[in-house]
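Enquirer: In case you want the letters, here they are:
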Amino acid sequence: MVDILVLVDHDGGTPKKISNQILTAARAVGGGEVHAALFGDKASEAAGKVGAYGATKAFVWEDEAAGAYATETQTAALVAALEASGAQAVLYSSDPFVTDVVARAAVRVGAGVVTDAVDLELDGDTLVATKPIFGGDMVSKCHVKGGRPQFIGVKANAFTAEESGGGAPEVAALDVTLDEKAKRAKVTDVVEASSGGRPEMTEAAIIVAGGRGLGDAEGFELVERLADALGAAVGASRAATDAGWYPHQHQIGQTGKTVSPQLYIGAGISGAIQHRAGMQTSQTIVVINKDAEAPIFSIADFGVVGDLYKILPPLIEEVGKRKL
Amino acid sequence: MRIICPIKRVPDTAADKKIDATDNTVDRDGSEPVLNANDEWSIEEAMRIKERDGAEVIVLCMGPEAAQTTIRKALSYGLDGAIHVNDEGVAGSDAVGTARVLAAALADEEFDLIIMGNQSSDARTMLVPAMLAEFLDLPALTYAKKLDVADGTATVQREMPSGHQVVEAPLPAVVSVVEAINEPRYPSFKGIMAAKSKPVATPDLAALGVDAGEVGLGGAWTQVDEITPKPPKEAGEKVSDDGSGNLGAQAVAEFLTKQKLL
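Quick note, the sequences are listed as chains A and B, same order. Numbering-wise (our numbering), the first sequence opens with residue 60 and increments by one. Numbering-wise (our numbering), the second sequence opens with residue 48 and increments by one.
Bound-form chain B, shown alone (with noise of 0.2 Å):
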C-alpha cells in the first residue's frame, strides 16, 4: 500500500494577515506559517493504517523553499518521504491551479490512496480534493469522519449535517477526512529527528510538464480585484447579571425584542 498526503502551509490563524498590496495575495512572511491543521487527521490516518496494515506514506507539498519546515513537521509524525513541487511559480495559484500541480506531481507515482484534510484553515474552500480527484480521473470520498481500506475497496462515513452516508469506492481513490476521523498524535523526539534524514523529491513545475502559465497568479481562472480590512466591530452593551440569572435573561429577552430578532 502506498499512500499520498497533501499538505498545506498556511498562515497560523492567530497571526495577524497581510496582504500584498501589489497582487491581492498573502503575504505568506508576515507571520511563521503552520501545517494546516485539518492535514494532521489525514496525516494520522494515513499512519493509523502504515500502522495496522503496513504502508509507505509520502507528502506532498507545493510551495516555495521555505515549505521545507512545514514538509519537515508532516514527516516528523513517522511519514517516510516527501515531493516538494518547489517553484515560485505557484504563488498565487487559486483552487484549480493547485489541484493541477498536485495532480502532475502524481502523474508518475504509485499510489492506492490520497488521503487528505478536507478544507485549508486559510482559503477554506473545499474544492481541491474533488479538483485534484477530477485531474486525476480517481474517485473520491470526501468528507470522511471514518475510514475503512479492505480488497481493494475503501469506505468511509460521509459527515452529513445530521449522520452520515455510507459511501465506498474502488482504489486508488481520493479521501479527504474531516476532525471526527481521530485525535492526531503529537510527533515525538524520534519522529522529529528521523524526518531531517527522510527523502525529499524536489521537482518544479517544468520537470512535472506543468505549463507555468497555466498556474500561479497569472494562470488562476479566478481574480481577486481588492481586499480590504474589516473594521474592528465596537463591543457592544454589556450587561453583569445579579446572580439572580433573571436579571441577565430580562436583559437578553429586552434586547432580542429591540432587535426585532423576538
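With the rest of the complex left out, here is chain A (with noise of 0.2 Å):
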C-alpha cells in the first residue's frame, strides 16, 4: 500500500483533465490514501474540485509568489505538501514547468524520478511504472529503489479519468518559508499566443499535424479547419517548423514534443524516424500522404495515399456532418 499526493496542474480554478486522469489511476493502484497539492492563482476553487476524482485530502498555496517566480518557490511549495500529506509517492503531469519543480524537490528530499508512465502498478510499497523508451521502440518497467520518495511523471491520455463520487476535500492551507534564493528567477510577462482555443498537444486526445507536403505556411490553414472540427490539437513535423510555417512549439519528435494521442492523424508527414520518436505510441495513428512509399504507412492503422489538398478539404466537410 502507498499513500499518494498527486501534483494537480490547474487552469484557472480548474484541474486540468491530465491531473483528474492521475488522480484516478493514483485511487486504482495505491490502496492507501490519495491527496492533492494545488499552487498559485485560484488553488483552493481547484482545490474543491478534486475530490470527485478522489482526493480526500488538498494542500493549497495560493500565493502569488507561486507564479510570480520560475520553480523554485513551487519548489519549497511541493516540499511542504510532500511533509504535510506524509505520502510516500508524488504523481505529477509530464509538463516541462512541472517537471523543473518536481526535480528540484526530488533533489531536496531524496526522491526517485521516473518521468512518463503509461502504466502503474503496485507491488508491495513500491509503484512500478511502465514507460515507453527510445521513441516507443521499447517498453520499460521502473521503479524508485526502497525508502525513498517516488515521484512519477504520468503522461496525458495514459489514464481514463473517472469520478470517484467521492465528496469534497479536507482543505489545508500550506504554510510556506520561501528565503530570498526562492526568488532568483523572476517572471517580470507573459506573453500569451493565441491557441485558437484548441486544446495543449501534449494533453489533447487527438492531433492533427502537417508536415513538408503541405508546401507552405497557408497548407496549415487546411490542417487547423481540420483539427477545429475534431476538436483537436495542431502539430507539425520538424520540417514544417523549421521552414517557420508553424510555431516550433507545436513540433513533434525527437528534438520536440512526444505525443500518445488516442487519434493522431498525419497529413504531409512522411514520417522520418525522428518524427516517429514522437508519435509511435499513438494509440490510432491515420495518415494521408501522395508518396505511397513514405515510411510513416509502417506504422499507421489506416492510409490514404492521395493529395492532401484534394482529400482535407472534403473530410473537414464529413467530419462536421458526422459529428452532429
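In case anyone wonders, no lab produced these hints; they're calculated from the structure. Quick caveat, the model's predicted, so the values are computed rather than measured. Any given hint could be a false lead.
As the list claims (entries may be wrong) - Distance condition first, Cα-Cα at most 16 Å in a straight line; then the derived EDC-like pairs of lysine to aspartate or glutamate:
1) LYS305/B with GLU283/A
2) LYS285/B with GLU301/B
3) LYS242/A with ASP70/B
4) LYS285/B with GLU352/A
5) LYS307/B with GLU377/A
6) LYS277/B with ASP366/A
7) LYS242/A with GLU215/B
8) LYS305/B with ASP360/A
9) LYS200/A with GLU273/B
10) LYS240/A with GLU273/B
11) LYS192/B with ASP360/A
12) LYS380/A with ASP195/B
13) LYS240/A with ASP289/B
14) LYS277/B with ASP196/A
15) LYS307/B with ASP360/A
16) LYS192/B with GLU352/A
17) LYS65/B with ASP196/A
18) LYS200/A with ASP289/B
19) LYS369/A with ASP289/B
20) LYS280/B with GLU251/A
21) LYS285/B with ASP178/A
22) LYS204/A with ASP272/B
23) LYS245/A with ASP289/B
24) LYS285/B with ASP366/A
25) LYS349/A with ASP289/B
26) LYS245/A with GLU273/B
27) LYS204/A with ASP184/B
28) LYS285/B with ASP350/A
29) LYS192/B with ASP301/A
30) LYS204/A with GLU215/B
31) LYS200/A with ASP272/B
32) LYS193/B with ASP366/A
33) LYS193/B with GLU157/B
Put the complex together from the two separate chains, hints included.
Expert: Structural data, given as C-alpha cells:
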C-alpha cells in the first residue's frame, strides 16, 4: 500500500484533464490515501474539485509568489506539501514546467524520479511504472529504489479520468517559508499566443499534424480547420517548423514534443524516424500522403495515398456532418 | 565571461538500439553514438555570446574514454576547452546521478553561465538542467527560445504551449534551450582541425571527490526492472484516392466512425 500525493495542475481554478486522469490512477493503484497539492492563483477553487476524483485531502498554497517566480517557489511548496501529507509517492503530469519543480524537489528530499509513465502497478509498497523508451521502440518497467520518496511523472491520456463519487476534500492551507533564493528567477512578463481555442498538444485526445507535404504556411490553415472540426490540437513535423510554417512549440519528434493521443492524423508527413520517435505510441494513427512509399504508412492503422489538398476539404466537411 | 556547455553522448536515433540484458542499460557500443542534437543549440548560443561579447566556452561531458570523439566534435564548433569526467563508474547513472557528477565537476570552476540542451534524445527526462541547478544552488532559466545576457542578468523567453514567459535571473545561472533559439552552424574545417589541440581536463570521480557509490548504476535512485522491445506494429489498411479527394475523405471518415473516433 502507498499513500499518493498528486501534484494537480490547474487552469484558473479548474483542474486540468490530465490531473483528473492522474487522480483516478492514484486511486486505482495505491491502495492507500490520495491527496492533492495545488499551488497558485485560484488553487483553493481548484481544490474543491479534486474530491470528485478521489482526493480526500488537498494541500493548498495560493500565494502569488507561485506564479511570480519560476520553479523554485513551487519547489518549496511541493516539499512542504509532501511533508504535510506524509505520502510516500508523488504523481505529477509530464509537463516541462512541472518537471522543473519536481526535479529540484527530488534532489531536496532525496526522491527518485521516473518520468513518462503510461501504466502503474503496485508491488508491496513500491509503484512500478511502465514507460515507453527510445520513442516507443521499447517498453521499460522501472521503480524508485526502496526507502526513497517515489516521484512518478504520468503522461497525458495514459489513464481515463473517472469520478469517484467522493465529496469535497479536507482542505489545508500550506505554510511555505520562502527564502530569497527561491525568488532568484523572476517572471517579468507572460506573453500568451493565441491557441485558437485548441487544446494543448501534449494533453489533447486528438492531434492533426502537418508536414512538408503542405508546401507552405498557408497549408496549415487546412490542418487547423480539420483540427477544429475534431476538437483537436495542431502538431507539425520538424520540416514544417524549421521552414517557419508553424511555431516551434508544436513540433512533434525527437527534438520537440512526444505525444500519445487517442488519434493522430498526419497530413503530408513522410515519417522520418525522428518524427516517429515523437508520435508512434499514439493509439490510432491515420495518415494522408501522396507518396505511397512514405515510411509513416508502416505504422499507420489507416492510410490514404493521395493529394491532401484534394482530400482534406471534403474530409473537414464530412467530419462536420458526422459530428452533428 | 566564462560559459559551461554540458553535452551528452547519445545513441543515434536512427540506429537499432541494443540493451545489455544483464543490467538493462543501453549498450552504447551497439552503434556509433553521436552528440545529442539539442546540445548543438546550446553550443551555438554560447558561441554567439563568445563572438558578440567575448567569452571562454568550456564543454563538460561525463562518460567513458570513447566520449572523447563526442567532445572533439563539440569543440569543433569553436569552443575553447573541455572537462571530461572520464570514469567507467558513471555508467548507468540516472538523472540525479548525472546532475551530481556534472555539479561536482563544476564545484571548483568559475563560470557565469551554464547553457545546455533542454533534453537528451535518448532518455528525454528533461530533469537534468533543474537538478544540476539544484545541486549547484543556482537559479535555472529553462526551455529558453531566446537568451539575453547583460549587466550580470540573464533574461530568457521561456517557451510555453502557446506563447512564452519572460524570466530573468542574476548570474551565475543555468539556462536550458529549445530548438527555436537559433540555427546551429556547421563546424568549419579550421574548427575541426583546431579541436584536436584544445585542452581537455580528464578528472575521474575520485579527483572530483564524488563517492562512486552515489553515482552509476548502483548509486541510481531508480531501477529498471525490465526492458522489452515493442512488437513491431503491423501496417493497417491503405487505400488510394482516385484523384478527386472524395474517395480518400470518405474512407478516412468511415474508418474514424468505425473506430468510434467520430
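Enquirer: Is the Cα-Cα distance between LYS193/B and ASP366/A 16 Å or less?
Expert: 37 Å, violated
Enquirer: Would you check the hint for LYS285/B and GLU352/A, treating anything up to 16 Å between C-alpha atoms as holding?
Expert: 11 Å, holds
Enquirer: Between the alpha carbons of LYS245/A and GLU273/B, is the straight-line distance 16 Å or under?
Expert: Violated: LYS245/A and GLU273/B sit about 42 Å apart, past 16 Å.
Enquirer: Given the hinted pair LYS240/A and ASP289/B, is their Cα-Cα distance within 16 Å?
Expert: At roughly 64 Å apart (the allowed maximum being 16 Å), ASP289/B and LYS240/A break the hint.
Enquirer: Keeping to a limit of 16 Å between CA atoms, is the pair of LYS349/A and ASP289/B held or broken?
Expert: 11 Å, holds
Enquirer: Assess, step by step, whether the Cα of LYS285/B is no farther than 16 Å from the Cα of ASP178/A, and give holds or violated.
Expert: 31 Å, violated
Enquirer: CA of LYS285/B to CA of ASP366/A, is that 16 Å or under?
Expert: Within the cut-off at roughly 14 Å; holds.
Enquirer: Taking 16 Å as the top limit, are the C-alpha atoms of LYS204/A and GLU215/B close enough?
Expert: Violated, at roughly 36 Å.
Enquirer: For the pair supplied as a hint, LYS307/B and GLU377/A, is the alpha-carbon distance within the 16 Å limit?
Expert: 15 Å, holds
Enquirer: Are LYS242/A and ASP70/B close enough, with their CA atoms no more than 16 Å apart?
Expert: Answer violated: LYS242/A to ASP70/B is near 41 Å, above 16 Å.
Enquirer: Take a quick look at whether LYS200/A and ASP289/B sit within 16 Å of each other, Cα to Cα.
Expert: 46 Å, violated
Enquirer: CA of LYS240/A to CA of GLU273/B, is that 16 Å or under?
Expert: Violated - the C-alpha atoms of GLU273/B and LYS240/A are around 40 Å apart, more than 16 Å.
Hint compliance for this structure: hints 1, 3, 6, 10, 11, 12, 13, 16, 18, 20, 21, 23, 26, 27, 30, 32, 33 are broken, all remaining hints hold.
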